[in-house]
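Colleague: Read off the chains here:
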Amino acid sequence: MNSFVLFFHKLGSPPYFYRFAGKWLPWLYAIALVAAAIGFYGALFTAPADYQQGDSFRIMYVHVPCAWMGLFAYLFMAANGFIALVWRIKLSETLAMASAPIGAAFTFITLVTGSLWGKPTWGTWWTWDARLTSELVLLFLYFGVIGLYHAIEDRRQAARAAAFLALIGIVNLPIVHYSVIWWNTLHQGQTVNLIGPSKIAPSMLWPLLTLAFATHVYFFASVFARTRVALLELESGKDWVRALLPATQASHD
Amino acid sequence: MKPGTTSAACAAVLRRDLMLVWRRRGDALNPLLFAIIVVACFPFALGPEAAVLERIAAGTIFVAVLLAMLLTLDALFRSDLEDGSLEQLVVSPHPLALLLGCKIFIHWLTTALPLIIVAPLLAQLLQLPAPVLPVLIIALALATPLLSLIGAVCVALTVGMRRSGMLLTLLVLPLIVPALIFGAGACNAAQNGFAYAAPLLWLAAWLVLSIIIAPLAAAAALKISLS
Chain U
166 MNSFVLFFHK
176 LGSPPYFYRF
186 AGKWLPWLYA
196 IALVAAAIGF
206 YGALFTAPAD
216 YQQGDSFRIM
226 YVHVPCAWMG
236 LFAYLFMAAN
246 GFIALVWRIK
256 LSETLAMASA
266 PIGAAFTFIT
276 LVTGSLWGKP
286 TWGTWWTWDA
296 RLTSELVLLF
306 LYFGVIGLYH
316 AIEDRRQAAR
326 AAAFLALIGI
336 VNLPIVHYSV
346 IWWNTLHQGQ
356 TVNLIGPSKI
366 APSMLWPLLT
376 LAFATHVYFF
386 ASVFARTRVA
396 LLELESGKDW
406 VRALLPATQA
416 SHD
Chain V
10 MKPGTTSAAC
20 AAVLRRDLML
30 VWRRRGDALN
40 PLLFAIIVVA
50 CFPFALGPEA
60 AVLERIAAGT
70 IFVAVLLAML
80 LTLDALFRSD
90 LEDGSLEQLV
100 VSPHPLALLL
110 GCKIFIHWLT
120 TALPLIIVAP
130 LLAQLLQLPA
140 PVLPVLIIAL
150 ALATPLLSLI
160 GAVCVALTVG
170 MRRSGMLLTL
180 LVLPLIVPAL
190 IFGAGACNAA
200 QNGFAYAAPL
210 LWLAAWLVLS
220 IIIAPLAAAA
230 ALKISLS
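From first to last, the protein sequence lines are chains U and V.
Offset between the first sequence (1-based) and this note's numbering: plus 165.
Offset between the second sequence (1-based) and this note's numbering: plus 9.
Simulated from the structure, these hints should not be mistaken for laboratory data.
The beta-carbon is built from N, C-alpha and C at its ideal position, and this holds for glycine as well.
Treat each hint with caution, since some may be false.
[Said to hold, decoys possible] Here are some, though not all, of the chain U residues that point toward chain V, as calculated from beta-carbon distances under 8 Å:
#1 Pro266
#2 Ala270
#3 Val302
#4 Phe305
#5 Leu306
#6 Gly309
#7 Leu313
#8 Ala316
#9 Ile317
#10 Arg320
#11 Gln322
#12 Ala326
#13 Leu330
#14 Ile333
#15 Phe384
#16 Phe385
Model the full structure from these sequences, guided by the hints.
Modeller: In structure tokens:
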């Protein structure tokens, strides 16, 4: 077994992950904060105003990274849910359930910023456009997963059921992503491409990519923090959790 | 004891579920009444002008039928869970997906089929133009099995929960939105004189996929919930 695979196997153990995430957490928060500061500086000061939309286009710098994160968080949740269902790894259950509220929050921010931007640009807060609708459905899927997780008494069974629901709901993901291509609607098409040239000026692009990086790092920081707490709760009877408690508190148990 | 053949087990499930519905045939009429009442509420709220009702007719009927079916989904496995027969299905030597498929079929037969049969009446209440009616019937015939199938997966996840009704709605609605869009979309296209085959074919394709996958998914979900 090479060292990378070994590391991955170790990561599946709750106490190891707890320490690993604890070590990385401050760094991730710091990196996310610095990247966000640089990105926002670029977005608000150096990027030129759009020739048609003026300054209102700057909402995009929050909207687009959050929209990407809404999808990414779902993918992360579903992938962990799959691992949890197939290999019954406790850590994956916890990671999947920890990412659900974060993804829901990102999706919610996407909808709110989109509607704030839509008012001056399209002249309406909301329109039943394919991408908006599919994004709303994504939010409801998140709510469904969170609701199901909290409705079942047994934590591990709840996580497995919610993970299963997340896997069923994954059919919506390509619909959200390709909605602007399949249906020619009000929401503008894709302008940033991973492969090939993007249809956006470089001076406007780099703050966007920096902010996207910041939100990704923040997502992992947030997932790690939530997972650490969830693991403590889930494993509260185990020795490694007791060992973490201060001596005075441990004596009360 | 030698277990019977799988087809005999399926026949037994079908016969038992049909008989249970027949013994409580009054309850089986509830979704029908619900759909009629919902549809009848719209003219009261919007006024009786035929031009207004005509435009919303297909969409309203679709929503009313989906809501009526949603009402019955909650009880899909409940009585079986209470009397223990659901566990018997899970531990039986026959494929669980097949047995659940039979149960889902009976659910569709006893709740959706009556709704489709009264659809012409609902259409008449809302002044739906006569040429659109066949499209509405076909769209309902394709969309209602989808709801039964997808709904069964969600019910299997929430089985054993008290007060699962609201949660079930939250789980089912996002998954059923495409069926609503395509089904009602086909009717609206037909009403406006556009081609309506494409959305119906999409529905049909999705239905074929669901018939294969949904019983398997429901079986997997049920095993998670009963574990």
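Colleague: How about leucine 330(U): closest beta carbon in chain V under 8 Å, or not?
Modeller: 6 Å, holds
Colleague: Does valine 302(U) pass the interface check with chain V, least Cβ-Cβ distance below 8 Å?
Modeller: 5 Å, holds
Colleague: Return the status of the interface hint for phenylalanine 384(U): holds when the least beta-carbon distance to chain V is below 8 Å, violated otherwise.
Modeller: Where the cut-off is 8 Å and the nearest Cβ of chain V is about 22 Å from phenylalanine 384(U), the hint is violated.
Colleague: With chain V as the partner, please determine if glycine 309(U) meets the hint condition of a C-beta pair closer than 8 Å.
Modeller: Because about 5 Å separates glycine 309(U) from the closest Cβ in chain V, which is inside the 8 Å limit, the hint holds.
Colleague: Min Cβ distance, phenylalanine 305(U) to chain V: is it shorter than 8 Å?
Modeller: 4 Å, holds
Colleague: With a cut-off of 8 Å on the beta carbons, see whether glutamine 322(U) makes it to chain V.
Modeller: Nearest chain V Cβ about 6 Å off; hint holds.
Colleague: Using the nearest Cβ pair, does phenylalanine 385(U) come within less than 8 Å of chain V?
Modeller: This interface hint is violated because 26 Å lies over the 8 Å limit.
Colleague: Is the shortest C-beta separation between alanine 316(U) and chain V less than 8 Å?
Modeller: 5 Å, holds
Colleague: With a cut-off of 8 Å, does the beta carbon of leucine 306(U) approach a beta carbon of chain V closely enough for the hint to hold?
Modeller: Since the shortest Cβ distance to chain V is 5 Å, the answer is holds.
Colleague: Leucine 313(U) was flagged as interface toward chain V. Is the shortest Cβ-Cβ separation under 8 Å?
Modeller: Hint holds; leucine 313(U) Cβ to chain V Cβ min 6 Å, cut 8 Å.
Colleague: Does isoleucine 333(U) pass the interface check with chain V, least Cβ-Cβ distance below 8 Å?
Modeller: 6 Å, holds
Colleague: With 8 Å as the cut and Cβ atoms as the points, is arginine 320(U) at the interface with chain V?
Modeller: 13 Å, violated
In this structure, the earlier hints numbered 1, 2, 10, 15, 16 are contradicted, and the remaining ones agree with it.
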